[in-house]
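Visitor: So you can see what is in the structure, the chains are spelled out below.
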Amino acid sequence: MSASLLILIPLLPLIGFLINGIGFRRVPKGAVGVIGSLAALGSFAVSVAVLSAFKAAGSEPQVVSLFDWITVGNLNIPFSFQIDQLSLLMLMIVTGVGSLIHIYSIGYMKHDEGFGKFFAFLNLFLFFMLLLVMGSNYVIMFIGWEGVGLCSYLLIGFWNTNTNYNNAARKAFIMNRIGDLGFLLGIFTIIATFGSVEYTEVFSQATGLSIGDPVVVTITLLLFVGAMGKSAQIPLFTWLPDAMAGPTPVSALIHAATMVTAGIYMVIRSNVLYSLAPFTLEVISIVGIATVLLAASIGLLQNDIKKVLAYSTVSQLGYMFVALGVMAYSASMFHVITHAFFKALLFLGAGSVIHAMSDEQDIRSMGGLRKKLPITFLTFLIGTIAIAGIPPFAGFFSKDEILAHAYEHNKLLWALGVLGSLMTSFYMFRLLFLTFFGQFRGTHEQEHHLHESPAAMTIPLVILAIFSAVGGFMGVPEALGGTHQLAEFMSPLYEGARQVNPEAFAATTLSHSEEFMLMGISVAAALIAAIAAYVMYVSRNSVPAPDTAERSSLERLVYNKYYVDELYNGVFVKPIAGLSNLLYSFGEFFIDLIVLGTGRLVKGVSGQLRQTQTGSVGYYIFAMVVGIVAILFWNLLIR
Amino acid sequence: MEPSMLQMPAIPEIIQLIPLKNYLILSTALFVIGIIGVLTRRNAIVIFMSIELMLNAANLLLIAFSSYKSDPAGQVFVFFIMAVAAAEVAVGLAIIVMIYRNTRTTDVGFLNKLKW
Amino acid sequence: MYPIILLSVLGIVVLFLGFMKSKNILLPATLLFLALALGSNFIDWNQGPLLYFYGMFSVTNLTLAFNAIVLISAFLIVAMTRGFQDDEEAQPAEYYGIMLFSLVGAIMIIGYEHLIIFFVGIEILSVAMYILTGSDKRNLRSNEASLKYFLMGAFATGIMLFGIALLYGATGAFSLTGIRGFVSTAAGAQSYILYAGLLLLLIGMLFKVSAAPFHFWTPDVYDGAPSIFTTFMSTIVKTAGFAAIFRLLSHSFAGIYDFWYITLAVITVLTLFVGNVVAVYQDSFKRMMAYSSISHAGYLLIALTALTAQTERSILFYSMAYSVATISAFGVLMLIAKEKSLDGRPNESYDAFNGLAKQNPLLAFVLTVSMLSLAGIPLTAGFWGKFFVFSSAADRGLIWMLVVAVLMSAVGIYYYFRVVIASYMKEGNTGKIRVAPFYQIVLVAATVITILFGLAPGFFEQLL
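Chains as they are written, first to last, in my numbering: chain A, 38 to 676; chain B, 20 to 135; chain C, 25 to 488.
In short, the hints are calculated from the structure, not lab data. Bear in mind that the values here come from a model prediction, so they are computed numbers and not experimental data. Hints are not guaranteed to be accurate.
Here are some chain A residues pointing at chain C (derived, C-beta under 7 Å) [said to hold, decoys possible]:
#: 1; residue: 183
#: 2; residue: 401
#: 3; residue: 493
#: 4; residue: 573
#: 5; residue: 661
#: 6; residue: 665
#: 7; residue: 666
Capping the alpha-carbon separation at 20 Å, the derived lysine to any residue pairs in SDA-like fashion look like this [stated by the list, open to error]:
#: 8; chain 1: A; residue 1: 640; chain 2: C; residue 2: 431
#: 9; chain 1: B; residue 1: 134; chain 2: C; residue 2: 431
#: 10; chain 1: C; residue 1: 450; chain 2: A; residue 2: 150
#: 11; chain 1: B; residue 1: 134; chain 2: C; residue 2: 369
#: 12; chain 1: C; residue 1: 161; chain 2: B; residue 2: 108
#: 13; chain 1: A; residue 1: 640; chain 2: C; residue 2: 375
#: 14; chain 1: B; residue 1: 88; chain 2: C; residue 2: 375
#: 15; chain 1: B; residue 1: 88; chain 2: C; residue 2: 205
#: 16; chain 1: C; residue 1: 456; chain 2: B; residue 2: 126
#: 17; chain 1: A; residue 1: 154; chain 2: C; residue 2: 389
#: 18; chain 1: A; residue 1: 154; chain 2: C; residue 2: 161
#: 19; chain 1: A; residue 1: 640; chain 2: C; residue 2: 371
#: 20; chain 1: A; residue 1: 154; chain 2: A; residue 2: 68
#: 21; chain 1: C; residue 1: 382; chain 2: A; residue 2: 58
#: 22; chain 1: C; residue 1: 161; chain 2: B; residue 2: 88
#: 23; chain 1: B; residue 1: 134; chain 2: C; residue 2: 371
Cβ coordinates follow ideal geometry from the N, Cα and C atoms, glycine included.
Can you build the whole structure from these sequences, using the hints too?
Guide: Put into structure tokens, the structure is as follows:
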């Protein structure tokens, strides 16, 4: 594979960034979007070419070295790209979904004054993301990693006139930094242990280690801390919902389809190391399932259309980590792919709704939009069905595979996963029904303004909807008479891991009938939740109370005609609502308290410490003398 | 020519009457007195004089070692120290004079505009 | 060696040029002289390790590279000194002359092979800095900074000299090889006089590069000195100082690494902590930069503590990245402080930067790149500096120190980004600032270097 072709993939978005970034006042507005989208489309086309060349050449992984980058002592870091199944899959997602979102943004951001700046940042993001997935060593990955973080920061704070947005951007930045620290320390531990950062070198050396080696456990845990930050896992997840302050295409691209899956990419990339560290895997699956449940339960009662989707993203990422925790790396990647389709679709659909509603995001003010926005409605419906896990849409296959692996590993994990899936289905259908069914609840002006979005926005929706519908067929399980093409495709990636930990990759022990049972249960759970949502929000037409509503108990008696509603409320809704609120405040309040508290602590210490700088020479010299005496005393007398 | 190649005559007997240890103790004492002077005085000129005392303690030590080792390098170093110290005095006194002109005092206790 | 002789002579020439009526010739002349010195520096390039002055001064490619960094930094800084001429009180010829002389001192301590050269060099450098710090004669802050620097500097000199005297007593030598010869003997590894001498000398040197707890002079002096000389101090003195400490430890005392590394490690951690944490609370950008320079001393100390085969290169790269970023940051600061001056005083607070990007995109960009580099964000030179330093610590297995350093660099991002946020996101009424072409070239050059070495750090290695 020629290096010149490969380098085009990240280079095109970089060029796009330079054109739009440097000349953002001079490039005509019409050209900006075209340049930005062409850059993304171009690198998508090259990626497709590379993929077909890769398959034609017999699917042999290869490292394409571009130039020698740095040599520090024995450590040599080349600037090279690794082309294998994993990076190609990520390439397809990043450039494919990325291109669609670029095109969508032409329509969505049309009226924004920062149009050029927006496309420049978007292209820059693509550039870093492509570096992240293509690099053949941890240093390039880290550079991409930091770069996407920076772009995410810039884009969340894009509408930076609002201080709330700025706070959100800062929070995202701080939390990502905490994760990055772990990642960085992990890299240095890798350097200290293996003397290299090249994947091939590190992994081939790692196969010589024994399972549970403390060094590997340390490395994997440190790397996982990085993944927790980037992929929004407990406790570093609260930045993601706040990040919704940015423009919607950004949420779709960065905070749903690509950047947040970087953590999963990293773990799959390092699968040899992780397969050597069962303890870390346990931690990952526990963190993953906890995130699934926490985020899903918070999502149940959110009223901001984007917030619901954000919590849903956090919870879906949790599923991916559960899969990683049980060493179902392919299943996790499968979910990454399908999730990229349907979550991008949902976010873009939400964007279309917000666009139509003149920037209204509260679903309590929506309703009945399906007639006004037919395309958006249909595609959104497909996305909802896909994420809920109803066959034969994409989400069903990937989620089901994860749950089957979880079942094999630990029945409790599976049960909790199904519970999460139940909640997923509920909040997604609740969102769908409240937005598109019933009566319109907004103002007259908004109603007057309602319109379907332009073609630049609806075409990406339709394409994503098609993929969300059929995307699952790349991984039909054997039990359903398919061959799991994706798993087969990815299987060479685990050569090393299979060698060090053969048990984990043994053939499944589940019989077909067991698999059918699992599928049946999860589909049933999804359907029940969907019906419950239908009953609550369409048949009974209930709308979540406005935040300010204060009804006396007498009033409530009059209003509530059905005793059964009360019961239902008391037994089912109230506890869940309470729990949801509790967990929400846990997330928003407690974790933020810790994070911001750390910041405040540093500031407090700073304030105290600077008092030592009294301004008096005598004091300074005194401090020096104390230092000198202490050093001499300790070195010469105590030691 | 290497400076150390210039051999000095063996240690004069008169110097040997005092053990090297005593020189070490004397110069350390001088040095500590200098430090204490720096710490306790507030007048910039007196502080500066105390620092000179520290420098001279180092000079004394160098000369003592030099004599005992019969190596002139230490004494050469002392000349350098004296020359540099003279330059430092020139600059230091100029700075103190400048401050005195502006504030009419040389008390370092008043110098605390810059802090934190 | 050639730049030492050349700069000493040309410094005197600059002083004489000061007698001429037209002061306008001084700046181009000084720049020319610096360029000459830089050129002469490379006469010895690739000549292998050379010894000059009876074996008291050594020249290798790496010391030449350090000289080059110092000279280039000086060139960039001097190019930003336009405006001396406007001030009637100022004595531009003297300032330029003193700057040239101080470079002699810096070059001497970069390549010393004998402690006399070291001592004379560091005194030339320090005495020049005392004068430059106090050069704003009517300004009480400048006066105060100067006196503080002088008293504490002289005190540190005393400590250092006593250390040298003890070293001489223990080893009978002033030359680095002589000392190493003694250290490698069995008696040397156990000599308390040697230990005490080493510690005192090291403390004196650490004072010059502002390591905690000997850092107290730094914020006050950097804050009080005229910004242009603050830039000079924080880049040139630091680079040369670290080269000197490295030389001492690696050439003479590598044999008793186990003895000194713990002390140095504690000082490193303390320095990182004090520098980064106290910087958080500052309201003045200039004072923040002072604390930031303390924190960068901490990162450089990590490389020293690790003392691997790569240390000299790491220090070299780091000083280069740090110097360039600092120069461009101070360059922007000086422009803005002057533009926003309050009652004739330059305004150096963060608020002065509010809304900078609106009218001055170039300045905001330069500032942003330099802050990113200082914070160690990838694709800037600063990132690789940190990376090299950290990986040498990882090589030594100093993981706990690495953890502290990485945490502290996260704190650093907070205060570096504050000014970026102020200039891009806050409302302010900064008008279009006129930047002289010379000045603009310096800023752009510094930014280009930062980005270039951020993209291709290997290029730097190839230059050596």
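Visitor: Take the hints in turn and mark each one as holding or not.
Guide: Hint check:
no.: 1; hint: 183; verdict: 5 Å, holds
no.: 2; hint: 401; verdict: 32 Å, violated
no.: 3; hint: 493; verdict: 29 Å, violated
no.: 4; hint: 573; verdict: 43 Å, violated
no.: 5; hint: 661; verdict: 5 Å, holds
no.: 6; hint: 665; verdict: 6 Å, holds
no.: 7; hint: 666; verdict: 11 Å, violated
no.: 8; hint: A:640 - C:431; verdict: 14 Å, holds
no.: 9; hint: B:134 - C:431; verdict: 26 Å, violated
no.: 10; hint: C:450 - A:150; verdict: 18 Å, holds
no.: 11; hint: B:134 - C:369; verdict: 18 Å, holds
no.: 12; hint: C:161 - B:108; verdict: 18 Å, holds
no.: 13; hint: A:640 - C:375; verdict: 19 Å, holds
no.: 14; hint: B:88 - C:375; verdict: 62 Å, violated
no.: 15; hint: B:88 - C:205; verdict: 17 Å, holds
no.: 16; hint: C:456 - B:126; verdict: 45 Å, violated
no.: 17; hint: A:154 - C:389; verdict: 14 Å, holds
no.: 18; hint: A:154 - C:161; verdict: 47 Å, violated
no.: 19; hint: A:640 - C:371; verdict: 24 Å, violated
no.: 20; hint: A:154 - A:68; verdict: 13 Å, holds
no.: 21; hint: C:382 - A:58; verdict: 15 Å, holds
no.: 22; hint: C:161 - B:88; verdict: 48 Å, violated
no.: 23; hint: B:134 - C:371; verdict: 17 Å, holds
In summary, the numbered hints that this structure violates are 2, 3, 4, 7, 9, 14, 16, 18, 19 and 22.
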